[in-house]
Each structure stands twice: as structure tokens, then as C-alpha cells.
Amino acid sequence: MAYPKSFRYTKEHEWIEVKGDLATIGITDHAQHELGDVVFVELPKPGAKIEAGKSFGTVESVKAVSEIYAPASGEVIEANGELQNKPETINSDPHGAAWLIKVRLTSAAGISDLMDASAYEAYIAEKGKETSA
Amino acid sequence: MNEKIKKASRHVSQSEGLIFEKSSPGKRAFELPPLDVPKAEPAKALAAHHRSEGVEGFPEVSEIEVIRHFTRLSTWNHAIDLGMYPLGSCTMKYNPRVNEFVARLEGIATEHPYQPQELSQGCLRILRLLEKSLLEITGMDAITLQPAAGAQGELTGLLLIRAYLQKQGNPRKKVLIPDSAHGTNPATAVIAGYEVENIKSESHGQVDVEGLRRLVTEDVAALMITNPSTLGIFEQRLPEIAQILHAKGAVLYMDGANLNALAGITRPGDLGVDVMHLNLHKTFSTPHGGGGPGAGPVAMKKILEPFRPVPILVEKENGRLALEPVRPDSIGRVKAFSSNFGVLVRALAYILAYGPGVRQATEDAVLNANYIRRHLEGVYELPYPLPSMHEVVFSDAIQKKNGVNTMDIAKRLIDYGFHPYTTAFPLIVPGALMIEPTESESREECDLFIDAMKAIAEEAATQPEIVKTAPHTTRVRRLDEVGAARKPVLRWKPAAPKSTAAD
Amino acid sequence: MRYLPKSPVERQEMLAAIGAKSIDELFSSIPEKYRLRAPLKIPGPYSEAEVIQYFKERAAENAIGYTSFLGAGVYNHLRSVVTDTIIQRGEFLTSYTPYQAEISQGTLQAIFEFQTLMCQLTGQDVANASMYDGSTATTEAVLMAERLTGRQRVLIARSVHPEYRDVLKTYAKNSGLRIEEIPFTASGTVDTKALQGALKDDVAAVVVQSPNFFGAIESYAPLAEAAHSVGAMFVVAIAEGVSLGLLKPPTEADIVAMEAQSFGLPPSYGGPFAGVIAAREKYVRQMPGRLAGQTTDSEGKRGFVLTLATREQHIRREKATSNICTNQALCALAATVHLTLLGKEGLREMAQQNLAKAQFTLAEMLRIPGVRRTFDAPFFNEFTVEFPRSVKIVNSHLLREKIIGPLALGTPYPELTKHALVCVTETTPRAEIERFASAVKRALEQPI
Amino acid sequence: MESSTTSQIRALRKTALNALHRHLGAKMVNFGGWDMPVEYPSSGGLIAEHKAVRGSVGVFDVSHMGDIRIHSGKKPGGALEAVQHIAMNDASKLAIGQAQYSAMLYPDGTFVDDVIVHRLGEDDYLLVINAGTREKDINWVRENTKGFDCVVEELSDAYTQLAIQGPRAAEVVQKLTDADLSGIKNYWFTHGTVCGLKNTLIARTGYTGEDGFEIYVPSDVATSEKVWNQVMEAGRGFGIIPCGLGARNTLRLESKMALYGHEISDKINVWEAGLDRYCKMEKGDFIGRVALERAKAAGLTRTLVGIEMIDRGIARDEYCCCNEAGERIGVVTSGSPSPTLSKNIALAYVPPAYSALGTILYVEIRTQKCKAQVVPTPFYKRQKKAAAPQVA
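Residue numbers (our numbering), protein chains in the order written: chain A, 1 to 133; chain B, 1001 to 1503; chain C, 2001 to 2448; chain D, 3001 to 3392.
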């Protein structure tokens, strides 16, 4: 699956798309792949504050739980309720329908330091080598 | 070779529904003797609390149906009684039947925890003898038999440590736990109010003593160590590790899950351990029963004795025994009533049957593990080559090349009539095969197991599909765990009547 | 040794195969100086006959031949031999936790049936595969409420079993939970006024037991309402499950913690029993312990697996909902078989007999001069009475007549020194009840 | 081995050595339309021939085997693409001078035929196919390589193919050639002068589970008989004897090598046949791949196992296998007494539930149900690291 150019990516495999002071956050195709079939997602409620680098939720497969780390700081304005009933969307459309939360950013600081699509692809390719080695 | 591979069992596949699906109003499987006092009027006696109908949905079946139902279900289980059950770190040994018999004796099973202690001396003397025996086996000074299982024993142990440090003014913050530890260790530490700091094993899978030296500060309350480790390897520098902790006023906790490798050979107390729990359903043969009941006594050194949970078993004048409910420094109660007494009875029956001969059981357990290791080394990769004690851990590295992983091999083992070994644990071994035969396996059974493992390795190399799609002989094939977790169905519900389906 | 399937020759041959000269070589990793030389000083080895002999002798030192009027969380009910026959089948007795679903379907389906029975009994949506006992189940229910509300203040009725409260306090000590106790009224039930006074929006849970420790039946509705009014969880503990054959289930509760000992498990001097946690479906992901779920296999056949395992210690480690691993599976199976035998009618009839005997016993007691009923709330098979003199003295007289008298409430409740908790079940014959009554009468007539 | 399928519509086909076989007093049979020696009573018959190959050396006339050459047209790589498309193993892994066991599949993942693919040169491959399926195979290859830039020619009749098999085979063949055979690993080949014939293909391949060579010489009767006689001469010191298709069958059976129409056919797919390791799903698309993906997901319904008779009796092709309950659950594909093991062995298809080693089965032999058990295969494995490819 292609990694949208308009996104920025974290080393923990979250993506963030910024439009003005609003941002949408999700996990990458690589992440969902590593995780396997997603069975449950735990997300913050609207109004909750999230802090860059801190965990704001979890994604669960049958035998693993992964924390989701905030790529930036802000206030949650919407959480993707669809995922409660259809967690599998995260496997099928991680960069689209399976966005996790929309936030109003308190500061854009740090976002520019995140990886762009090509840097991220290089990054996971590199990781791939390590693990197979 | 083929002469030896005699064992291949297939699981009975009788179809059997849920008991609720057999229910029909008016059937009875149990009748009470007639009431010999005037009938009460529930509606009057209980007023608003009265439930006039019986429990909605409760089954109504006959006795033979109950017997058949559960007997059929039983045939879908593998069990120690059917064959080797080499689950690593679970010590699936023979459960002697006399233990079941004595636990059900009148005067043992029938006793009420609140009956007068002068009428409970038999129970108390059983507890006393078990205490003494376990202390002798562990080399400790004091013990509590109260915890209901290993995990609760762990909690009790950590609460003892906390109380002890508290008494000295500072409960401290951290508990150190090796990355090879059982999941209960970190979970327990948190409930006891400690932060968990994981410590890496060194290249041979042992605790990195030099690294530990650096980690042990005034903040560290204890190290929780499993010995032999979950790799089945004895922690050779345990006494030194104890010194490092003691030097900083910290305490050494030992997870006794693997005591089956040590009983009668060496004693944790002598090795410098300050407190440990024992899993009576592992080393001391009380039945696992599909996941309990267990018992998790905690043995300790003098320094921790004052903090033991109440009630405390004490000897009074002229040899009478008593349970004392109050102790100033006690951590309190961890379970209602004295203990899982029935489990303790079985454990003592096991100890009495062996006596000092328990050493022979340990030797046989270690002999079996090493025999299996010797024959499967090379066929399966051995990630940590240090000497094995009661269990041996291989990895699926060789089979991975053909896309066959430890779970596939485990499932194929079922087709050969064995229960799988423990898969994917310890976490420090990718694709682990954790094999613990216990002393209860004859050489013949070990050989059958070895042959099966070799046959599977061969299949993995030449026709992996047959392994990857295993098991083929069970009532059900691989189950959809994803579906089960996404839309949990956790109870039976009667089918909705057609009529309501419309609206 | 009869449990060890090896001959000396086989041991030698196996050592040879390994390439070890002696068995000691296999223990070479244990430093020499730490290896035991002398044999352990423990009794044995005993033959099977000797083992049985030992325990028969101990049994003889216990209360065989006495009639007991004790309950207080451990009840003596009829048990069918069928239950014991089933749970002694090796396939149930000697199997492990059903992690390998394909060869554990028997255990898994039985757990699923247990969960269903517990839901039906308690009027809740989901129940787990068992906890250690009623006391730890109650504690885990409170911890669950703490996770759900994010609050740390807990209000528990003093009429909840004293030992349940003790266990809760032990666990609470280091988890930052603050436990406060709510008094009981003259009728023996929770003091609603006191409760309302204590309720604030920092309360995680309100915990009551019903029938409570005094045998008194609580009214759930007002308590639930009060708890919910401040967003607290309403937790109901049940120590005597048989009562549910006749009593309305705690449907108002958010979490129910139950002791299943009454369902086919012998008193066994206090254990092993089986705890239960049942709750509303929406709270399932905060539930501790194992859960069996229904699913299908690759061929579409119905099967069962342990599910939602990510809550548990072996996956979530320090973030787990509880540290429980081994639970009380075999006891839960016994309860499943027992309740299946009883069925709808059997359970109701058993409950009715308990009620009838308790009513009869109370009447008998009240005919004794000086004996008064302590509380007037409705009760099931336990009630409290006040004697004109210390219960301990009365009981010591009863013992001479091979009767184990009612529980003296003085220790847990100093204000109730002369009060006793009387329990009768369907197993207490009328004749024994009458003998008990007259023995009490005589005891009270005795000069001190 | 009697193949009644081909009734005498046209005259039986003969190899260049047919007269010689008859002269040696061979017992001849119709095998897939070919008049072939099944055994040579003069040299002791099937058992003796079988033992010769296991113990020393024997020679087979396998000229009835078919040969298809595929090489590139203008565009380089066309031949490889074609081979990759029609055969399931990964030919791109072949070095020049190397061969591999492979198979051509129908779109539904069942077998057209199994083949040995030799890489003769840069863009040059030789596929050795079965006799009984020659026409079918060549048509299939022509049909399905159309889209590729390659040239397909049938060379079947151009060669007399002799198989010299057995632990001493190398020594025998070495006497006849200048090529250094010690340098040729199993499933590799070279070209050298053999019996004075330049540039002869010498392959270290076979169908017996023993070490051995297959040589390809011009198919005129004179040359063929000359080479045959020189081979016999060179092998005399080793007790070489001519071997027929009877021994060839018992040899391949002991080594669990598939025979078309028996273990593999257009009714059986790769997974069922247990040929997983010669099927390279990861190499990209090839005929049958899609169906195999699906079959994989669906799971196995039957699998090929080796069985050994416990009761007396020989399990023959097409006999039924039953379980304890007496239900028919599988069928025997090949069966015979094993001269090497002196046991009655067979290969059979059974549901995976009955595949575990040691499983007890019952073979319906006429009216009786004879007890047998699943045993490890191959029944016979030669004492050598690099074993010939087997149907696992």
C-alpha cells in the first residue's frame, strides 16, 4: 500500500495529516501489518488532551496490545466511532476510513521533524532488514 | 524407527450440543428428600425480594443426560492420564489418585472453617506437617499456606517485602524482573504498588550480574527471579545475586514455579533466597483440573516472618494447634478462611508417598528433559546451550525456513497423540518450543515423543502444508480467534422466537 | 517408587544415551557446596495404605459425628455423587488451562456453560471463568470499578462478610484505594442514610452483600440509585448462591461478585471454592480472569476459545487487569455439573427447603425464654438471634451434646457479643433442629 | 505395470534396443503404448535386478522417455519465461549444467506430468517427460508457450536414453568417458565423450533412489546397441545386469518417487501429493498457481502416506483403505513387496487425520481387511547426504 505524500510519519508507525490547526491521526499500513487482525481499538473521548510522544490509546490483536503514540499535542475533537464495530477497517484501510482521531493542534512544533513518505518507507525497509537478519 | 512410532491417537468427535439445548420442562436430574418441616410461604417470608419463577433459562434435563453430556465433553480434552503433556513451566506430572481419595474423606472434606479449633486438630495437624515438610524442602524459616494460587503467592510475597521495608522506614519503589520471567511477576509487582524494571538476560540466558550490580540501588525493593529460569537453566550465580541485593538492603524473591528441578537436590534458602512461592499444583502434583484450583504457599526467611498473613498457625501448650487471627505486623488476609485446604491435603499426600525419595522424582524429571534434549538437538535449534534442568527450550529457527513455526509444530504434535509443549514462551526466545516432560514419563513415552518430533521436523522440511494445517485429528480444526475477539459471544442465549423477529 | 515409571537399568541406559556418567553430572550447574548430601528430613515414603491411614487418623481428630449450625459464607448442601464422578474423570482432572483450544473443547464448553449459568443466576450479561473465591472476587470487582471510574474511594457495608472486607483492605493497601465502611440499621441492612451521607462524586464503588453476613436480604433498588446518582458502580456480593433459587437477582448491580461453594463444593475447611464475577456487557474488557467465547473452526463447526486474552497477565504483563492465572476451573466445573443436575426446579426446591427450615428453626428458637431475634429484615437460610448470655458459653454446652452451635458474632462485631448467626440448610433434619433448640434451652437454664 | 489403457489401436512402439531385449530373453509388456522389458529372467528377474541396483549397478533402457527442448528466439530470456510459466519449480535458480525436479500443472493445480528440467545453456532448457504422456505433454507445452519468445522442439526420438544406476554406477560410467564424473553433483550434468561419441549428455539423475547416471546417445540401433554392450562390458566386474521396468518400479516405490497416473494425475494437486518443496509459489505466476493458493487456504482433504502391511497381503493400486470403523477413507496408488526391506509396502491417499506416523489403517484386499500402519517415507533412503529428489 502506498504511503500518502501528504502525511507525516513517526518511528512508532503513526501517521498525521495536518490541515491548518486541525490534524487527523492514524496508524500506518506497516503497523497494521505487523499487528495482524485488529480486534479492538481504545480511543480517547472528544475533549481529551493528547501530548506528543505520549500514548493516547491502544490497538489490540488477538494476542497483542500496542500503544498508540501521539505525533503531536492537541485536543481531541473527534474519535472514529466506526472502529468500535468494525476494527477490521484498520487492516483494510489504515490510511483512509480507519483514521483514529481528529485533533485541534495546540502547536505545530515537531511535526516538521517527522518523516515524510519516502523517509518512512526507507525507515521500514531498513527495519525489515534488521529483523530478517 | 517405524517400529517405535506406535503412538498416534485420534480424538473422539462425538457431536454434543450445549446442555441448554437439551432442556425440556419437567425433566429432573436431582430430587430432594421430602421436606420434614412446615412449608414456608416464600412470597410472605421474602416479600418484595421473592422471585416467583425459577431461574430463567436454567436447564431441565435427566441424570443420564448430564452424565453423557459431560462425559462426551471430557472426550474432547487431552489429559495427563491419556499421555505425555510436556507443557514447559507447568510441570504436568501424574496426579496420584489416593490424593483425591483422602481429600474426600469424611472428617476432611466435611469440616467447616469456623468449627471450634479443638474439633479441628486433625486439619491443623495436616497443615502443620505440610508446613514443616515444605520448610525442609525449601530451606526456609517460616511459611504461610494461605494463598490460593501461585499468582496470589507472588502478591503475598511482595506484600511481605513491602511490609518489611516499610517497617524500616522506606518501602522503596522498584522491583527488578528479568525479561524471561512469567507474566504474573510484573502484573503482581504493580498490584503490590511497585514499578517494574525489566532486566535483560545476558547472552547465555542468565541474569547479567554485572548489569544487575549497576541497577540495584536504594530504590530497589526486590528482584523477582525464577530458578531454574524459564529457559530451564540454573542461575549459577544466585548466591552472588543475593549478596548484591542484600548489600543494598533489597530482598531476593524466587518464583518457585520450577522447584521440580531442585526438590531434594538443593534448597533455595541455602542459595540466599529470602522469600519464594511454591505452586503445589506443579511440583506437588495437585491436579490442574483444567486451570485450578491451585495453592501458592509462601516460604520465607526469619526477617519476613512477623508480616505473614493471618490467620497464623501456632503451637500451643501440650501440642494443641491453633489458628490465630491477629498479628500486629501482619499484611492482613489474602483470602477468606484458612486456605485452599483441600489442595494442601493432596500436596501432603504426595509428599508422604515419596518422603525423602522426592529427590528421585527430581532426578528423573531432569533425566527425561536431558534425554529429550539429546535426541532433538540438531533436529530443532537449541538457542541457549547451557545445561538443561527439568525442561529444555528449543526454537523453530530451522523449520521457519519452510514457513513452519512453533505453533504449527505444536498443533501437529496433537495428531501424534501428545499435548503441545509451551509455545512462544519465554519471550526472549523467538519461536520457542518449551518442553517439560516431568518425571512421570517412562523412557518409552519419551521415545514416542522424540520420534513424533523428528517425524514432524521431516514433514516440515518436505511437505509443510500438512504441518501448517494441523491438527487434523481433533473434533474442531483451528478456531477463529479473531472473530471470537471482535464480536465476543460469552454466554448461551435462547434463539429469539420467530414472531419478534418481524418487529 | 510406585509413581516413577523407570527401572534402574532404564535410567542407566538413558544416562548413557545422554553421554553422562552419573545422574549428578546432570546437576553440574549447581555449585557443589549448595547440593544436599543428607536426605531430606520428611516423613515417608508411605504406601497407599499408609497414606490413607494417616489421613483417616487426622479425620478422626476432627468434628465427625457433630451436627453443625454454622454457615457464615460456607454452607453444607446436598451434593450428588454424579458431580464427583464427573470431575474425577482424568480428562477434566488432569488437563491444563485450555490454551490449546483444539484439544480442550471439553473444558472450554463447560466453562462457557458455567458462564451462562452464572449470568442466568445473577441477571448479568457476562460472567468470567472463575476467581479464587467470594472474597477475592469481591476485591477484584472493586478493582474493576476503580478502573472503570478512575476513582479511588470505596464504600463497603459493614454487613459484608468480615473476611471479604479484610481481603479487600489487604489488596487496597498499596493501590491507593480508600475503603470506608457503612453501618447497618436495626433491621440488619445497610444504613441508606449513612450511605447517602458518604456518597460523593469521588466514589468508585458501593459494595453490599445479600443475603448479608447477618442473613438479612438487602433491597437493591435504593442502594443502586444512590450509587448511580454520583456515578459510582454498584457492586453486589453473594455468599450463599442457593438463595438465588428464590430471590430476585441483583439486576440493578453493575458488577456481581459471588461465591459458588454452595453449588456442589464441600466445606473442606475453607477451600477450594470458586469465585465468580458477573457484570454488564459494556464492562467486559475491564473484567479480570479468563473468559471462554464461542466461535467457529475453519470448517464452520461451533467451537470455543479463551478470548479477550489481551486483558490478562501473560500478554499485558504489568498492564494486566489482574495477576490471576490459575483459577478454580475444576470447582467451576463441579458447580456447572451440580447446577445442571439441580436445574430450574431442583434449585428452586432446594431454596424453598432452606427457607422453610430456617423459618422453622427461628420459630423453635423464639420459643426459648430469653432468646430474641436481633434483626427483622427478611432472611433466607441464616438469621441472627440474641441469647441472654454469652454465645461462647452456650456453644460450649452444645458441644457436649455433639452440636456445633451458631457462630458467635462478638469477634467481628464487638457490639454483638451475645448475638449468634444461625444457619440451617436442607441437610439439617427436623429432629436435629429440635434437639438443637432444646439443647440451647437447657444451656440457658444451666447455672453459670 | 501392465497398462491396459492403451488398447492396440496402433502398433506398439519400440525403442532402438527392442531386438536386443528380446534376444536377451526379456519378458516384454505394453507400457503406455511401448513394448518394453519388464524383467530379464536370464539375469535373475525382478528381485535380482532390484538388488543389483541397490547393491552394485544395473542398466535400464529408458529411451521411451520423452525429451522437449526449449530455447530462446530473438529475445534473450524467452525460454526461461516459458519454462517458468509451464513448470512449478523455479528454473531461474538453475545454473547451466544443473537439473531440477519439477512438474507441469493444469490451471486447477493438478498434474499434466512431472518433469526433470535441465538447463543446457544460457537460454536453453531440456525437459525430460514420461513415455505414457509424451503426446499430451508436447502438445501442452506447445499450446502454453505460444505467448513467449521461444522455440520448442521435441527430441524424444533423437535419443536412446540409458540409465546406469547403483552405488557403483559412477565407476562404470567413468570407464567409458573422459568427463570427470566426481565433479558432477547429484542433479547436475555435463557433456563429454562417451564410448567415443562426442558431446554426449551425461546427467547424474535417475528414478531408483540410488546414485546413478542417465546418458543420451543417438537413437540408431547400431549406436544404441554398441553403447549398451560397452556399458555391460564396463560393468562386468561390478556384476552389472540389465534391468526392466519391474525393478524400476519397485526401486522408485521404495524411494517414494511419484509415478504419473498413480501418485500424481490430473485429479491430484501439488499439496495433496506432498510435493510442496518443488513448488515455488514465491517465484511469481505460473499455470496452476492461483488454484494452489485457493487449495492452500481451503486446507488439505487428503495426503499421500507410506504404509507398511502388518497382516499378510499385498496392497495393490486402487485398493481401498479403511479406518478401524471400517469406513473407506482412502485408496492405494502403488503397492508391492519391497525387495530391500522384504516387507509389503504401498503409497496411499488418506485424509490428513490418518497421516500421523503409526496410524493403523486397513487395506481391503479382495474380501479381507488387512491391517497396515503409516510409516516414515521414503521407505528406503540411500546412505548419502544428497538424496535424490523424492515425493516426500
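Calculated from the structure, these hints are not laboratory results. Any given hint could turn out to be false.
[Stated by the list, open to error] Calculated cross-link-like contacts (lysine-lysine; reagent style DSS-like; alpha-carbon spacing at most 30 Å):
no.: 1; chain 1: B; residue 1: K1301; chain 2: C; residue 2: K2033
no.: 2; chain 1: B; residue 1: K1493; chain 2: C; residue 2: K2041
no.: 3; chain 1: C; residue 1: K2248; chain 2: B; residue 2: K1174
no.: 4; chain 1: A; residue 1: K63; chain 2: A; residue 2: K102
no.: 5; chain 1: A; residue 1: K63; chain 2: C; residue 2: K2282
no.: 6; chain 1: C; residue 1: K2041; chain 2: B; residue 2: K1132
no.: 7; chain 1: A; residue 1: K63; chain 2: D; residue 2: K3185
no.: 8; chain 1: A; residue 1: K63; chain 2: A; residue 2: K45
A quick look at each hint next to the structure:
Distance check on the hinted pair: K1301/B and K2033/C sit about 20 Å apart at the alpha-carbon level, within 30 Å; holds. Taken as a hint, the K1493/B and K2041/C pair is broken in the structure, with Cα atoms around 56 Å apart against an allowance of 30 Å. For a cut-off of 30 Å, the pair hint linking K2248/C to K1174/B is broken: about 47 Å separates their Cα positions. Proposed proximity of K63/A and K102/A is supported: the alpha carbons are some 28 Å apart, at most 30 Å.
Under the criterion of a C-alpha separation no larger than 30 Å, the hint pairing K63/A with K2282/C is consistent with the structure, at around 21 Å. The hinted pair formed by K2041/C and K1132/B meets the criterion: a straight-line CA distance of about 9 Å does not exceed 30 Å. About 47 Å separates the Cα atoms of K63/A and K3185/D, which puts this hinted pair outside 30 Å; it is violated. With a CA separation close to 25 Å, the supplied pair K63/A and K45/A stays within the 30 Å bound.
This entry does not satisfy hints 2, 3, 7, going by the numbered hints stated previously.
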